[in-house]
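Q: Sequence:
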Amino acid sequence: MTDTTTRLTPAGPQGQRIADIDALRGFALLGILIVNITYLASAHHGTGLEDPSFDSPADHATRYLVATFFEAKFFLLFSFLFGYSFTLQARSAARGGARFSRRFLRRLAALFALGALHAVVLFPGDILTTYALLGLVLLTARNTRPRNAVKTAVVLFTVTATGYLMLSFAQYAAGGGGMDAASAAAHAQQATDALRGSPGSVIGAHLEQLPDVAFLLVFFQAPAALAAFLLGFAAGRHEVLADATRYQPVLRRLQQTGYPVGLAGAVVYAHASLEHPGTPYHLAALGFDVVTAPLLAAAYAATVLRLTATARGHRLTALLAPAGRMALTNYLTQSLLCALLFTGFGAALVGRVSPPLVTGIALTLFTCQLVACRWWLHRHRYGPVEWLLRAATNAAWPHRL
Numbered sequence: 002m003t004d005t006t007t008r009l010t011p012a013g014p015q016g017q018r019i020a021d022i023d024a025l026r027g028f029a030l031l032g033i034l035i036v037n038i039t040y041l042a043s044a045h046h047g048t049g050l051e052d053p054s055f056d057s058p059a060d061h062a063t064r065y066l067v068a069t070f071f072e073a074k075f076f077l078l079f080s081f082l083f084g085y086s087f088t089l090q091a092r093s094a095a096r097g098g099a100r101f102s103r104r105f106l107r108r109l110a111a112l113f114a115l116g117a118l119h120a121v122v123l124f125p126g127d128i129l130t131t132y133a134l135l136g137l138v139l140l141t142a143r144n145t146r147p148r149n150a151v152k153t154a155v156v157l158f159t160v161t162a163t164g165y166l167m168l169s170f171a172q173y174a175a176g177g178g179g180m181d182a183a184s185a186a187a188h189a190q191q192a193t194d195a196l197r198g199s200p201g202s203v204i205g206a207h208l209e210q211l212p213d214v215a216f217l218l219v220f221f222q223a224p225a226a227l228a229a230f231l232l233g234f235a236a237g238r239h240e241v242l243a244d245a246t247r248y249q250p251v252l253r254r255l256q257q258t259g260y261p262v263g264l265a266g267a268v269v270y271a272h273a274s275l276e277h278p279g280t281p282y283h284l285a286a287l288g289f290d291v292v293t294a295p296l297l298a299a300a301y302a303a304t305v306l307r308l309t310a311t312a313r314g315h316r317l318t319a320l321l322a323p324a325g326r327m328a329l330t331n332y333l334t335q336s337l338l339c340a341l342l343f344t345g346f347g348a349a350l351v352g353r354v355s356p357p358l359v360t361g362i363a364l365t366l367f368t369c370q371l372v373a374c375r376w377w378l379h380r381h382r383y384g385p386v387e388w389l390l391r392a393a394t395n396a397a398w399p400h401r402l
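The opening residue of the sequence shown carries number 2 in this note's numbering; numbering runs sequentially from there.
Simulated from the structure, these hints should not be mistaken for lab results. Bear in mind that the values here come from a model prediction, so they are computed numbers and not experimental data. A virtual CB, placed ideally from N, CA and C, is assigned to each residue, including glycine. Hints may be right or wrong, so weigh each one.
Estimated spans, in silico, between C-beta atoms of each pair [claimed, not checked]:
| no. | residue 1 | residue 2 | range |
| --- | --- | --- | --- |
| 1 | Pro399 | Leu137 | 18 to 26 Å |
| 2 | Gly176 | Thr246 | 52 to 60 Å |
| 3 | Asp244 | Phe216 | 37 to 45 Å |
| 4 | Met167 | Leu137 | 22 to 30 Å |
| 5 | Ala110 | Glu240 | 27 to 35 Å |
| 6 | Leu137 | Val160 | 16 to 24 Å |
| 7 | Arg143 | Pro399 | 19 to 27 Å |
| 8 | Asp213 | Val160 | 19 to 27 Å |
Take these sequences, add in the hints, and give me the full structure.
A: Here it is, written out as structure tokens:
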């Protein structure tokens, strides 16, 4: 992902799914798609240099909107849900007398394999492999008290943000730094040409990008994702989403704090990323975003939960929950369809579609997925990839798809 995804199949106290979790996951899936498609549609975006072929006010406005409201926010929500669903899986296994650790390890192994294949063939920005590795940490910490999990999450966010600030000061003291625009442009064009080539050329381009992506995942996304895992774990231990209506005052406070603080950090992040990439200011903005993005993600989640709790909230739940139940299938399908559209696997439109149209494609694709998921789940119990993951987890084929 970069944004990424929860694969655990949540079950409530009597084995039923929790609709709020599915709705939140479906909502997060939209945000993940809007971010990921910008990397799939343009090789320039991954270099920090935006494509000079698209320089209109609408192009700039779209980039700012995506960077401000979507980037570095929705993978946190997915990570939170991963941690929450971990507690539901553990609770369900305990009721059934199953050996949870062994099952969960098989699940993580399957996620890692899927993620590795996804990263090489479809999208180097995959986060499934990161989730699989961080899931080992979560499994080790499964007996941690919720309060300690929250404290550890706060420390992770703080240490990561401090690290970026220290790098910013060091770069400033060394003379300011900055990105070599000419080199970045040449690299982006080379990647674009490769992505428009044969399937072998596309895979080669992905393999070349993987080291840079791994660096980003290790030093930016992984610590934040683990922190969100732990926050979700703590919330799951308290069964917060089993009945979110009990926490309406908390949800209101999350909105009242998360929107102003989170949006302030998001605006700084967007301005630095788009106007001053590679500078000390950019590094400082990344550090600022590490501690403010979780607040904005929390405000988004609180808004969805408050809406689903209204008299007509069941309509929103019915719209989003099917996509959330099939999140892994949807995530991989998004990458597959975008690869067919933008790379040499299909139409090879990478670098040829403007940012507003790219966002429009994302919204259209997600709308189609909402319809398709509802149709599929009226006929099947699981999404196709979820069914395979369940088979790997249980080391046995489920009785029905």
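Q: Decide, hint by hint, whether the structure agrees.
A: So, going through the hints one by one against the coordinates:
no., hint, verdict
1, Pro399 to Leu137: 18 to 26 Å, "holds, 25 Å"
2, Gly176 to Thr246: 52 to 60 Å, "holds, 55 Å"
3, Asp244 to Phe216: 37 to 45 Å, "holds, 42 Å"
4, Met167 to Leu137: 22 to 30 Å, "holds, 28 Å"
5, Ala110 to Glu240: 27 to 35 Å, "holds, 28 Å"
6, Leu137 to Val160: 16 to 24 Å, "holds, 20 Å"
7, Arg143 to Pro399: 19 to 27 Å, "holds, 25 Å"
8, Asp213 to Val160: 19 to 27 Å, "holds, 23 Å"
Checked against the numbered hints given earlier, this structure breaks none of them.
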